[in-house]
Amino acid sequence: MATIEMIGVRKTFGTTVALADLHLQVESGEMVCLLGPSGCGKTTALRLLAGFEQPDAGQILVDGEDVTHVSPRHRGFGMVFQDYSLFPNLTGRQNIAFGLKVRRKGALETAETVDRLLAVTRLEKHADKYPHQMSGGQRQRVALARAIATEPRLLLLDEPLSALDAQVREHLRDEIRRLQQEVGVTTVFVTHDQHEAMAVADRVAVMRDGVLEQIDPPRVLYSRPASQFVAGFVGTVNRLSAERAVDGAWFVLGARVEAVGDTVAVPDAVPVVGEGATADSVPKHAVVRPEQLHVNRAESGAGPVARLVALSFLGAFTRAVIEHPTEGLVTADVLGEAADGLAVGDAVAVSVRPGAGAVVLQ
Amino acid sequence: MSAVTRRTDVPRVQVPSASPARPARGPARHRGLRVVRWSFLTVLGLYFLVPQLAMARFAFQNVPVVLLNASTLFSKWSVSSLVDALSQAALWDAAKTSAMLAVLSVVLDLALLLPLAIIAEIRAPRLRPVLSALTLLPWVIPPIALVVGVAATFRSVAPGFLTSTLSLVPFYAIWAMPFTYRALDSGLRAINARTLVEAARSLGASELTVLFRVIVPNLSASIVAASGLTAALVLGEFAFASLLLKNTLPTYLVNYQRDSPQAGMALALAVMVLTALALGAVVHMLRRRGLGMSTTGF
Chain Y
58 MATIEMIGVR KTFGTTVALA DLHLQVESGE MVCLLGPSGC GKTTALRLLA
108 GFEQPDAGQI LVDGEDVTHV SPRHRGFGMV FQDYSLFPNL TGRQNIAFGL
158 KVRRKGALET AETVDRLLAV TRLEKHADKY PHQMSGGQRQ RVALARAIAT
208 EPRLLLLDEP LSALDAQVRE HLRDEIRRLQ QEVGVTTVFV THDQHEAMAV
258 ADRVAVMRDG VLEQIDPPRV LYSRPASQFV AGFVGTVNRL SAERAVDGAW
308 FVLGARVEAV GDTVAVPDAV PVVGEGATAD SVPKHAVVRP EQLHVNRAES
358 GAGPVARLVA LSFLGAFTRA VIEHPTEGLV TADVLGEAAD GLAVGDAVAV
408 SVRPGAGAVV LQ
Chain X
1072 MSAVTRRTDV PRVQVPSASP ARPARGPARH RGLRVVRWSF LTVLGLYFLV
1122 PQLAMARFAF QNVPVVLLNA STLFSKWSVS SLVDALSQAA LWDAAKTSAM
1172 LAVLSVVLDL ALLLPLAIIA EIRAPRLRPV LSALTLLPWV IPPIALVVGV
1222 AATFRSVAPG FLTSTLSLVP FYAIWAMPFT YRALDSGLRA INARTLVEAA
1272 RSLGASELTV LFRVIVPNLS ASIVAASGLT AALVLGEFAF ASLLLKNTLP
1322 TYLVNYQRDS PQAGMALALA VMVLTALALG AVVHMLRRRG LGMSTTGF
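Heads up: the protein sequence lines correspond to chains Y and X, in order.
Count along the first sequence from 1, then add 57; that gives the number in this note's numbering.
Count along the second sequence from 1, then add 1071; that gives the number in this note's numbering.
For the record, the hints were derived by calculation from the structure and aren't laboratory data.
Just so it is clear, the structure is predicted and the values come from calculations on it, not from any experiment.
All residues carry an ideal CB built from backbone N, CA and C; glycine is no exception.
Among the hints, erroneous ones may be present.
Computed spacing ranges between beta-carbons, pair by pair [as the list claims (entries may be wrong)]:
| # | chain 1 | residue 1 | chain 2 | residue 2 | range |
| --- | --- | --- | --- | --- | --- |
| 1 | X | Arg-1260 | Y | Val-401 | 47 to 55 Å |
| 2 | X | Pro-1186 | Y | Ser-128 | 16 to 24 Å |
| 3 | X | Ser-1277 | Y | Glu-208 | 45 to 53 Å |
| 4 | Y | Asp-222 | X | Leu-1124 | 36 to 44 Å |
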């Protein structure tokens, strides 16, 4: 277990800036997910941590010790690769034992450790198979066991689940988390799948174009995203027009919302207008999640109304897509049986649930 | 070959005819293709087999050449010529020389190219096209140019070098580079050497451990393929050996055939069959280990 710090790390490939001044701290025993679209620099960050790349500037510290220029073999980190990277000429057992043999551990100690890990990863039956005789899930479990066999100070996971099919992926994801907590190893997990990141991480670091946008526990990331990018990346969002009242409160679809994240700077001279009237002439937008919207059937009266254009049943909730006269297409989630009365083509009223948090954008 | 013949089988999936008005054009076209395929294979087979049959008749039938026609096809077959050829002590000397040259050339070739191919794949991918082009050079330069150029250099620098039989080894190593490099390169890419090396290094392995415990074992198929090709090349090489006046198996065969044409032919045929069997055995062994065209080039 160790505390990991990346301080002002910068890495460029030719003219491409992969990482611009990254500061990241991972606490001892913590699991941090680096999340972002491809090309955001998350894999570069991981490879720098592993020592496969050298930063152009900045420092990497493990428990305060500078390892920036230490070779990968002396860092004492474990790594799990996207394509497993098992040694094809070795059986599962021999793969797990590789790191221990390289470190010249005794035969007895090695055998004990390997047996324990085989049991923990439920691989006893497949221990003597070669990688090409195993399924993807089994291979990745061997890779995981191999990485933690040497009791690494830091475990690095590079999109470990992306080559697996959905069911195995979910199962193995939970297994990785269980194992990580059992062993208590500090872990950095790279993924582009927000569900994966939100499900396992203690904290999720959302990256974009080589910059860390926000690092927070999943719940905070979801409910208080720092930017529209983060909000959009960790769930579905609607972009709705927002208005600000003279008292500084924000209104979306006529309801008062709590502004979080990128709040707009309040101009010094706020013209005083009537209660509830807008204070700004520049149009503003707010980012609101589908579950923060409320959908009701409405009587079709005069003037433009919102209409339901699509409904999809997703189990616990039903996702409704509404054609709104001023906001365009709006997505709202209707919980449980509340959706029973709704049908495509209905005139509906859309409102924001009272007190919902929204990201307000300049 | 087996893959080709298997594919010429009658198609197993019968296409249900959509309507009786439409005649079954599909199977007819397949039959046409089959005929073309078989005639092509037959012509190709004859092209290879007829000269060899002629060789065999010349070598193993104790019948004067002018009488070798259809009526004498089954008369006076004998292996006495081969027995004669095999009883020559000089043959075994030449064979030993060639075998030694083959082994040394394989060793030198691998010693030169294995590290280079690995470095190109893992550390300097930009070097790959350069190496690929460089290793093709031996095929563009004719042996005579190579020998004359090198001979001129060595005669003035190290006169003793060219008199030794071993002086052929560097020539052969260079001559086999195109095969060896390609086999190693495709092997390295097939095993995804780059991430294997990263995995091994993150587990604490030293460079030597990575080389001998990770890369070489997983590259064994390519190494065997490269070695087999190099050895076959050396065992059949005539131009360098002849130009440098060395007594190897091919030069011996040529000289021997001049003196006793029939026995020489028998020997040539035997060498050819043996080489083919040896290569076949290597391919078979690789296939049984699940290593096909993609990893070995065979």
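Problem - Numbers of the earlier hints that this structure fails to satisfy, in rising order - result: 3 and 4
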